[in-house]
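K.L.:
Given next are the chains, with one letter for each unit.
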Amino acid sequence: MDILSLFVIVPVLTVLALVFSKGLKQARLISMIGSFIQLGMAINLLFAYFRERAVDKSVMLFTQDYVWFKNFNVHYAIGVDGISVALLLLTAIVVLAGVFISWKTDDLPKEFFVSLLVLATGVYGFFISIDLFTMFVFYEIAVIPMYLLIGIWGSGPKEYSAMKLTLMLMGASAVLMVGVLGIYFNSNADGGALTFNILEIAKVHIPFEAQKLFFPLTFVGFAVLGALFPFHTWSPDGHASAPTAVSMLHAGVLMKLGGYGVFRIAMFLLPLGAIEWSWFFIILSATGVIYGAFGALKQTDLKYINAYSSVSHLGMVLFALLMLNKTAWNGAILQSLSHGFMTALFFALIGMIYGRTHTRDITKLGGLLKVMPFISVIYVIAGMASLGLPGFSGFIAEMNIFVGAFQHEGMFYRVATIISVSAIVVTAVYILRVLGIMLMGEVKNDEYLNLPKATWFEITGILLLLIPMLGMGVAPLWLSDMTMDSIQPFIQGVLNHL
Amino acid sequence: MIAGISIYEIFTLTSILFFIGIYGFITRKNLISILISLELILNASAVNFVVINKYLYPDVLQGVFFSIFIIAVAAAETALAVAIIINLYRQISSVEVKDTEIMKY
Amino acid sequence: MEKILFYILALIMIVAAIASVTSRKMLRSVIYLLFVLIGVAGIYFLIDYNFLAAVQLTVYAGGIIVLVIFSVLLVHHIEMELEMAKLSKKIITAIACLVGLGVFLATIYSTNFNVVENSKTTTVEDIGRGLLSYDAGGFILPFEVISVLLLAAMIGAIIIGKGDKLTKNDDTL
Amino acid sequence: MDISYIVFIPLIPLAVFLLLGIFNQQIKPAVSGYIGVLGLATSAALSYYAAYQYFFVSGKVDGVYPTFVEKTVWMNFTDTLHIDMGILIDPISVMMLIVVTTISLMVHIYSRGYMHGDAGYTKFFAYLSLFSFSMLGLVLATNLFQIYIFWELVGVSSFLLIGYYYTKTSAVAAAKKAFIVTRFADFGFLIGILIVGYYAGTFDFQTLNAVNPEGEGLLFQWGASSFMGLSVITWALILIFMGGAGKSAMFPLHIWLPDAMEGPTPVSALIHAATMVVAGVYLVARLFPMYYFVEDGFALNIVAYVGAFSSLFAAIIALTQTDIKRVLAFSTMSQIGYMMLALGVSSYKGHEGVGYMASMFHLFTHAMFKALLFLGAGSVIHAVHSNYLKDMGSLRKYMPITNITFLIAALAIAGVPPFAGFWSKDEILVAAFEKNQLLYFVGLFVAGLTAFYMFRLYFGIFWGKETKYHHEPHESPMSMAFPLLFLAIMSIVAGFIPFSEFITADKAGFEGHLDLPLAAVAVGTGLVGIILAWIFYKKENDLAERFSNAFGMFYKWTFHKFYFDELYLFITRKIIFNLISAPIAKFDKKYVDGTMEGIGNKTVIISEKIKGLQSGRLQDYAMFFVSGVVVVALVFIYLWT
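Protein chains in written order, with numbering that gives the first Met the number 0: chain W, 0 to 497; chain S, 0 to 104; chain L, 0 to 172; chain D, 0 to 640.
For reference, chain W alone in the conformation it holds in the complex (with noise of 0.2 angstroms):
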């Protein structure tokens, strides 16, 4: 049976299911199944994997091809490694988690919850595809329902923030789009036929020329969607207006994809590219991280914050990437994955902050740790993750990144790492200026003092981000060990050349 594909069948599924579906209770109750079996599937998947890797020592695990438009040599080619897995299971939970935090979703909730799954849909066959056509179609499926996401169940100026992010990121899929079909056509390279197939083309000697100008392209093209400075702006306001699950989803998963795209195209096709151009992106990235903190520091609302903490974090994921070596890249891995719990998290107890307070400005907010303890806990909890704290999984992944980016020698490298490093100290100010308004202090108003506890299904999508975080910084060896494995041959092209 072919597992992986059943990532695919399976969303669609529920998503036809949820078409015949009537009113919330059954779209919740449809979405929520095939969720839990999706995640189901993803643990499946991980045990299936371990016990195939000790067998199978090839790159991809799980191959499936079909032909499926022969003209141009496409193919609907699937594959996992190490690394897809866990983005899988991260994928997984923050869906499931998703659907939980949207439980009491009023508003035309069966298209809500389809959107939803067919954003998921898009997301699984990305993390899925080793052909480079298939991912971009899947791709552009994981990017469009977020308009709609955005643009009907969203709040504030929902319609602006919608068509910002929507044409941002469809700007940078036209210059992605660019480069994969560079890369297509220099996949003949070395005189085979013309291929979609990344794993087919890596062993394909691309000219240093092409990739010089490929490189950027493709780079960009996926970083736009991780934030990268200066095109991270569609971010904050994308964030600020979208519905909790969908910020969840999209900073949690969706933001993955292009840390992911970067090092599974542009940095393993194009390894020469990457080497050329590293330092002016380095140069972009670092910004990133001291900017977006810098940035955070100032903002009042909620998801500003966030937005900006997660143009800050995803940058270190880029420049991770960009240090070239193992120890940064599985840093930048850990660092997705660590992103994707901790900022779903930090979206959905906004999320419940908001549907309890009606308001996201921390100035209007104050000793909340008194209002509504769980949530509020779990906030600070989520705030120590995020800067780092030992114990959490931020803290394995920035270590990560800091060792591997400390051993690329040279002043400038050594210089942007330093910088990097510093945001850790602005990032506390940030996260603990937050606890500090919002969380603590007096009451600011008598009206919360009554405001609801938590429920039952927030409380579960909360667990379900929280514990994966807890576990990968408390055990983070076979997570760690299990991505290393995996990024090895990635990495082989660019140490080569190095």
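Don't read these hints as lab results, they were simulated from the structure. Watch out, some of these pointers could steer you wrong.
Unchecked claim - Beta-carbon label-pair distances, calculated as ranges:
#1 W/Glu51 <-> D/Val72: 21 to 31 angstroms
#2 W/Leu15 <-> D/Lys167: 53 to 63 angstroms
#3 D/Gly627 <-> W/Glu208: 31 to 41 angstroms
What the hints assert, rightly or not - Listed below are the simulated SDA-like cross-link pairs for lysine to any residue, each with C-alpha atoms no more than 25 angstroms apart in a straight line:
#4 L/Lys24 <-> S/Leu87
#5 D/Lys610 <-> D/Glu596
#6 D/Lys610 <-> D/Phe623
#7 D/Lys389 <-> D/Trp533
#8 L/Lys88 <-> D/Met622
#9 D/Lys588 <-> W/Gly150
#10 S/Lys97 <-> L/Glu82
#11 D/Lys588 <-> W/Pro156
#12 D/Lys573 <-> W/Thr286
#13 D/Lys348 <-> D/Thr206
#14 D/Lys555 <-> D/Asn577
#15 L/Lys89 <-> S/Thr99
#16 W/Lys452 <-> D/Tyr163
#17 D/Lys167 <-> D/Gln24
#18 D/Lys27 <-> W/Phe373
#19 W/Lys369 <-> W/Val442
#20 D/Lys506 <-> D/Thr66
#21 D/Lys608 <-> L/Ile90
Even glycine gets a Cβ: it sits at the ideal position worked out from N, Cα and C.
Got chain W; can you put chains S, L and D on it based on the hints?
P.N.:
Leaving out everything else, chains S, L and D in the frame of chain W:
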């Protein structure tokens, strides 16, 4: 054949007429004026047909036939155009181009 | 003699054509056009296509110009000055036309035409036979088509010119 | 020696934390207090057992105390570089185990009385357990990264405990300040670790500290690569010391410590007096061979001078503070400076390593008497509900036990024999005298100041003016009195422990002896301080006020702690927030986002223009057509040949 006149001079004349017609077609604002400019263009090309026939292929008569057809079509076209112009004038009491833009919607 | 005649004709035609597209009086514009058409007929005479010249004179100068003059009189007051286009538009158009003319002339003068010296006179009979010939190279079919076209145009002109019934009571009539 | 059971010393508090943290609502306060105390008591018992085993049963091997390590890989960075988790047993970690568990146990017991009736009673014990776990983990760390991990955890427990009264704005601000300042220091620490990791290729203490049989460190070879005139390892050590200075409140990273007194008093006693703040000292001691051998101890000199300066600086400020906990806070800072000073002047081998020994000794005794002082102060605050000296006076009549124990502690810190402080302080002065006379005199002067401000405090609280109280102050309950008594006994007897036999830099131990002339000078200085305080504060009089007026400006500066808080506030508020963050936010909105918006707007404008071309006017089309034809003709005839 016109004695002492080369084909180049006749082409020069027709080209000038042709572009005067085009100039008129673009700059005039009155439907009838546009029709007049159109006649200029048509005549310039008709002369070209005839001249080429005479100077280059004197044994055949195709150029002449085409000129006759051009004249016939021009007559038909003018008749229709005048009919349309008159009808238009009845409708909106104007034959200015700017008043007839309603067609684009 | 013919050379001088041609130059005179050419001068008249160009001046009349320019006057025709720039004149602000409608009727004068039509009359200038008449001069051009007559000039064209003159050129036909010069190159010895007498029948064509006659057709030109009767159909164009006689028929079309009269038609146009009628329509002018129907829709215009004689004294009415025509509205002119914006200067910028005129200049742009003029530039485009001059450049286009330049291109034409440059092309014409750089082409080497294979001129055949002759002084053949074409008779009406030649034309009639050519037009009505069934043989290969005969023009009977286009001729018939043109006749049908003329008929259609005539009917169309009448229908359109007659106007719509609905507009009969329009006070613009 | 089997050391595996030592793992449970930190793990028991962790279990207690999880238990109390997760079932926060379900567990009754009375029970949670017992659980906390019981957990810590078990840990303490294990620690004592471990110490006994280590020093007396296992003993020396080849004339030195051996180092036992048990560890497991926690995370791999590269093939050679990895973080281990484990426990490392050597003399100083065993000593720290005892200090931490003892003080923590006492504080737990004390808190049962002090925090009685508080709404967050269970939460408080959970936090205390979390702190104990982190601190014990820090103490037992086997490598730099492990110590960093627990370092951060200690920082966060400190944050939680300082901000325990989270509805109080000042407490929240203090907690934030403490966390951010130490975080800033940790930034340096982390960079230092990264440098060590890269150039030395390991984080492991044993490898880093390895000393060859000739008594030389093995780190010479890493001194090669240099940056700005110093070897990178020296830089790393300086940066690591920056981390230590942050936690230990050394100048200029000291500003968080006085504010941290916003936390409940037992917390101040545990974290901000006895254990966490000495982590910096412990860190330097842990890496002592590195500090000593790399580049002739350049980094160690910095430690010494920073320590001496902080010590003097804090002692001067302590003279004028009126909040009794702040006086104690500055006193702590001053005493830690002392320990740093001692480490800084120490050598490695044999008796020359007296500074190292003295530092550890002082750490030990200081933990006892400073915890006692804080708990005593807590007892007083509990009784009069105020932190300020002006609200106190003549309390000896109401609180006999507190009075006596506080006096013992004050005598101990003032260095009066035979109390604990005398012995350790004397060793420090001896070490300084042998190495660096300047630092010796600074130390001596600080000793005098210490005696003076401590007795100013003592007389101010228990003697001095008669104060009217709203309701009669009463002696604290037994749960609070017992720790006071226990620590008082420790403050007396701790000095008699022959420290030099157990804890020395080279782990070999040496015969300790008392340098009588130096001791006499030190005691004399202390006594002068006490007598001055007696004159000034024993009876209510205006001597002190006249004196402070005479100093005028200097007094004002001291009272405002040399305006360091204001300086930092200026830097954070004005520079970071207003000059960096606000412009960035604006820049982002206006230019970065503006550019993207601009592209969008331009597209709309251009499309409006293009829309205009599609006018529906035939003549316009004709013009485009003609122009187009002309252009195409030109291109194809002349350009594209």
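K.L.:
Provide an ascending list of the numbers of those earlier hints which the structure does not satisfy.
P.N.:
Going through the list in order, the structure violates hint 14 alone and respects the others.
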